[in-house]
Every structure is written in C-alpha cells, then in structure tokens.
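Novice: Residue-level listing of the chains:
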Amino acid sequence: MPSTVGLLWRQYRLERHLFWRNPSAAFFNFLLPLIFLALFGAIVYHHQSELDVIVPGIAGMSVMSTTFTALAYNLTFLREQGVLKRIRGTPLPSGVYLGGLALNAVTNTAIQIAIVVGAGRLIFNLGWPPQPITLVVFVLAGVASFALLGVALSHAIPNFESAPAVINGVFVPVILVSGVFFDVKHVPGFLRDIAQALPLEPLINGLTGGLVAARGDLSHHLTALAVIGVWGLVGVVLAIRGFSWEAHRN
Amino acid sequence: MASTETAIEVSDLRKSYGDLEAVRGIEFRVQRGEIYGLLGPNGAGKTSTVEILEGYRQRTSGTVSVLGFDPNQRPRELRARVGIVLQSSGIYSHVKVAEVLAHFAQFYPHPRDVDEVIQLTGLAEKRDERARHLSGGQRRRLDLALALIGDPELIFLDEPTTGFDPAARRSAWQTIRSLRDLGKTVLLTTHYLDEAQELADRVAIIKGGRILAEGSPAELGVGGGSRYRVAYANGDGEAVAVETDDPTTLLHELTGAALARGEELRSLSVTRPSLEDVYLELTADA
Numbered sequence: 003m004p005s006t007v008g009l010l011w012r013q014y015r016l017e018r019h020l021f022w023r024n025p026s027a028a029f030f031n032f033l034l035p036l037i038f039l040a041l042f043g044a045i046v047y048h049h050q051s052e053l054d055v056i057v058p059g060i061a062g063m064s065v066m067s068t069t070f071t072a073l074a075y076n077l078t079f080l081r082e083q084g085v086l087k088r089i090r091g092t093p094l095p096s097g098v099y100l101g102g103l104a105l106n107a108v109t110n111t112a113i114q115i116a117i118v119v120g121a122g123r124l125i126f127n128l129g130w131p132p133q134p135i136t137l138v139v140f141v142l143a144g145v146a147s148f149a150l151l152g153v154a155l156s157h158a159i160p161n162f163e164s165a166p167a168v169i170n171g172v173f174v175p176v177i178l179v180s181g182v183f184f185d186v187k188h189v190p191g192f193l194r195d196i197a198q199a200l201p202l203e204p205l206i207n208g209l210t211g212g213l214v215a216a217r218g219d220l221s222h223h224l225t226a227l228a229v230i231g232v233w234g235l236v237g238v239v240l241a242i243r244g245f246s247w248e249a250h251r252n
Numbered sequence: 032m033a034s035t036e037t038a039i040e041v042s043d044l045r046k047s048y049g050d051l052e053a054v055r056g057i058e059f060r061v062q063r064g065e066i067y068g069l070l071g072p073n074g075a076g077k078t079s080t081v082e083i084l085e086g087y088r089q090r091t092s093g094t095v096s097v098l099g100f101d102p103n104q105r106p107r108e109l110r111a112r113v114g115i116v117l118q119s120s121g122i123y124s125h126v127k128v129a130e131v132l133a134h135f136a137q138f139y140p141h142p143r144d145v146d147e148v149i150q151l152t153g154l155a156e157k158r159d160e161r162a163r164h165l166s167g168g169q170r171r172r173l174d175l176a177l178a179l180i181g182d183p184e185l186i187f188l189d190e191p192t193t194g195f196d197p198a199a200r201r202s203a204w205q206t207i208r209s210l211r212d213l214g215k216t217v218l219l220t221t222h223y224l225d226e227a228q229e230l231a232d233r234v235a236i237i238k239g240g241r242i243l244a245e246g247s248p249a250e251l252g253v254g255g256g257s258r259y260r261v262a263y264a265n266g267d268g269e270a271v272a273v274e275t276d277d278p279t280t281l282l283h284e285l286t287g288a289a290l291a292r293g294e295e296l297r298s299l300s301v302t303r304p305s306l307e308d309v310y311l312e313l314t315a316d317a
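Protein chains in written order, with my numbering: chain A, 3 to 252; chain B, 32 to 317.
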C-alpha cells in the first residue's frame, strides 16, 4: 500500500487522466480564456492601456473559473452522484482524496495562466511578466481563496441540476463588476466599492502588478492581498462547516 | 468485548432524526462467516442501522461493535477490513472498470487481484469499458467488485439486487454465496423475501425501527413449531386451507373421505408457511 504522499500522487494522476479523457470539456476549458482574449483584444487592439487591463482581467477570471467554478461544480456532482460517500467508506484518507481534487484544479489554473501570459506576450506585446514574484504570490493567494470559496458554495447548491444556475449566478456578476473586461475606474462608485470588497478585483489588481510593467511591485498591492486573505479565511470556515459527504436530501 | 467469533454486535441501538425515531432499540449479533439478513419494508430503519455500522451515521444511543471497533470513530483499520455496497453510489463517468478497481486496490493493505475480482463479479467482457457505458446491472456488479477489491472480512450489502432482472439476480446470488464459501461475513439488507430466504443464514425482520422476529429462514418459516398448511378444493370447488401439526393423519382422513365419496381432491397442496407469510403477518399494518 503506497504512503500518504504516494496515494495523493495517484489520486491526482487519476483525476488528470479523467480530465483529459473528456476532451471536449478539456478543450473548451482552455479555449474560453483564449476566445475572450481574442475578442477583446480585437476590439481594443490599438489601445495598449486597455490591453493592459484585459490581459490581467482574463488571468483573474481564469483563476476564478478553474478553482471556484470548477470545484463548486465538481464537488456538487461528486456529492450528488454518491462518489464522495463511496470514497468515504474506503480506507483512503479524506484529505488525500480532496487534495487530489484540489491539485487537479490548481493544475488547470497553472495551464490557463500560462496560456494567458503566453498569449499576452505573443499577441499583445505585453512582454514577460515584469514582476514574477507578485504574479506568483497573487495566483497562489487567489487559488487558495477561490478554491475554498468554491467548496463553500457547493454546500449551498441543493442538487446537481441547479449547479450551473447557482454558480453562474455568482460567477457572471462578479466578473462583470470586478473589471475583467474594463478598467474598474470607469465603474460607478458604489459598484466599485462592492467590487473592491469582493476577492476578484483585488486579485486582478495584483495580477496587473505582476503582468504589466510600471504598476508597482508587491508592496503596492498589500491591501489587495489582505482582502483576498480575508476571503480565504471566510472560505476556510464555510468550506469546513457544512461539508457533506452525502447527497442533500429534500 | 466482542469475541473473535462475533463480527457485529449491536445492543439497544437507537437513532433519532429530530422527532423521528428511526431505530428504536435494535439488538442483534452476527457471527463470523455468516450471511445475516435485515429484512423489512422501506423506511423500516434498515439503512439507518447499516449506515451506523458502516460509520456514515452517528447513533443516538446504544452500543455497536464491528470487528471489535466502534464505527463512530471511523478507524482506518476498520475501513480497510470492510467492503460496502451502498444502495446507490456513483462513480466517475469516464473511468474504466479495470482502471478504477486497480485504483481502489491501492487503498488497501492486502487487495485482491483485479482480474480475479472482475471474473468473480462477471465483468470480464466489460474490463476496459468506461463506467458510463455500463448498464444498471453491470454498474451494480462494479459496486460489488469495488467492495470486494480490498479483500474485506465483512461486507455490507444494502439492497444489492434491486432493479435486477431474474437472471442477473440469480447470478448475483451465486456471487454472494461464493463469499460465504470464502469465509466472509455478510450483512445483507433487502426487501425481497426470496433473497433473504435464498441467501441468509439468519434473518431479522425489522419494521418501525424494531426487530419483530429473528431466526433462520426455516425457523421463521415454521413459526417456531412444525406447522403445515394443507390446502385443497372441496366438492363445491371452494378453496379450503387447514393448518396442522400432523399432516400425515390429516391427509389420510381427507384422501380417505374423498375416495369414499368418489370425488377427486383437487388442488391439493401441503406447504410450510413461507417466510413471506411470516413477513406479511408481522409487517401488516394493524
């Protein structure tokens, strides 16, 4: 019997195999940020200042969709289908199983960030990230925070049929107010206040620092990091409380 | 506490969900190597009882020992020694049969050979099929295969053949009997009488959270005595049924009288009350 780390690796590897075994899902998963980049890039192609907004915005959206959206959706599916309950009845430690799911999601985040950064450099002349440390710190903070919030959201989804509606009902408004597609400066004051209190706008703020030259190093984005951290703490509490290994009954 | 010969020991087990008392003081003991059946209608408390033993639910009160462990704590060693077939549980859509068995085998200290388990559960032709392409019955066999892959001492089967066609049930029964031949202990819940009668060494009939009767199917069938039921159609064609402890004398009288009248004794049968009769009597809503 493999060690705990060995089991985690094997669980992760199975999740990756299964991810790629559904090629259409995998393809569109990675195509979506590219489509957004291409579309908005085409619209604002001649305005470098707007490209500087779009690329970090899409990167932030990618972090949120690969962790928050994917985990809320997958956990609801696994819970409602009874996969979680089955796993719970085996000697596989629960943490190893959930760790495999989380690592799978984080791998997709890493691939999407690489795609966005690569596309930003190749198509939009953004160059290599000028502040790689800021970029990495914010990606890690965003991944942790949004993954926990995604787990927490899954608890609020009553059944699998309602999962897309509930998740999009959160995801779409958040990406719209958080300045994924435009500079949050142009947003009315009250919406901007809301956006800055949510975790995505601070994440995009930090990613801008990492991806776009002359937006300052990590020390300029500490408030943003703190907001993401607070959401991470809220996420921890809500993810643990109310976690259910079994389908919700009516 | 529990002797090495006892696999499961349950005493005064109670489980409440809010105001609803689903399990109301259940006691039973399952010996090692035995197939023990919990038989009862839906909502009788079978699944609550079994899920407490499996470690999925916390009991409200009472004592429970499974292979010498308290399942409340969900010790990993216990989970390594039991196999669980839940009433319904899913699996990844895109995983292949042999692949998921090989994966689950890694969770256990002494797993069985994947191909052996595939053979045992009749999935050889579906070895490389994805789970989403399996029929309902084949998925149920995969459930059983996943429960057996760790070579468990004790196997929980919660309504293992619900929704099977008759041929699939027979073959599932054969597989379950083969578990007894391997010396495994099985706790089976079912609402099929014939399943309990076919498979179980002992049966507890459970309703309203209580055990109404317990014993081997044969013992339950004869209601503790040796009663026989003799049925026939009388001269007017009416169905008559008589219960007796002495079928020999009764048959002699009946056949003698019929011969004397020059009549046939049509539709004559001698039966012992089946488990079904006992079950229906015990579970009837008074």
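Simulated from the structure, these hints should not be mistaken for lab results. Here the structure is a predicted model, which is why all the values come from computation and not from measurement. Errors might be hidden in some of the hints.
As the list claims (entries may be wrong) - Chain B side only, calculated, beta carbon under 10 angstroms to chain A, not exhaustive:
hint, residue
1, F100
2, R161
3, H164
4, G167
5, D174
Every residue, glycine too, gets a C-beta built ideally from N, C-alpha and C.
Novice: Hint by hint, work out which the structure violates, then give me just those numbers in ascending order.
Specialist: 1, 3 and 4
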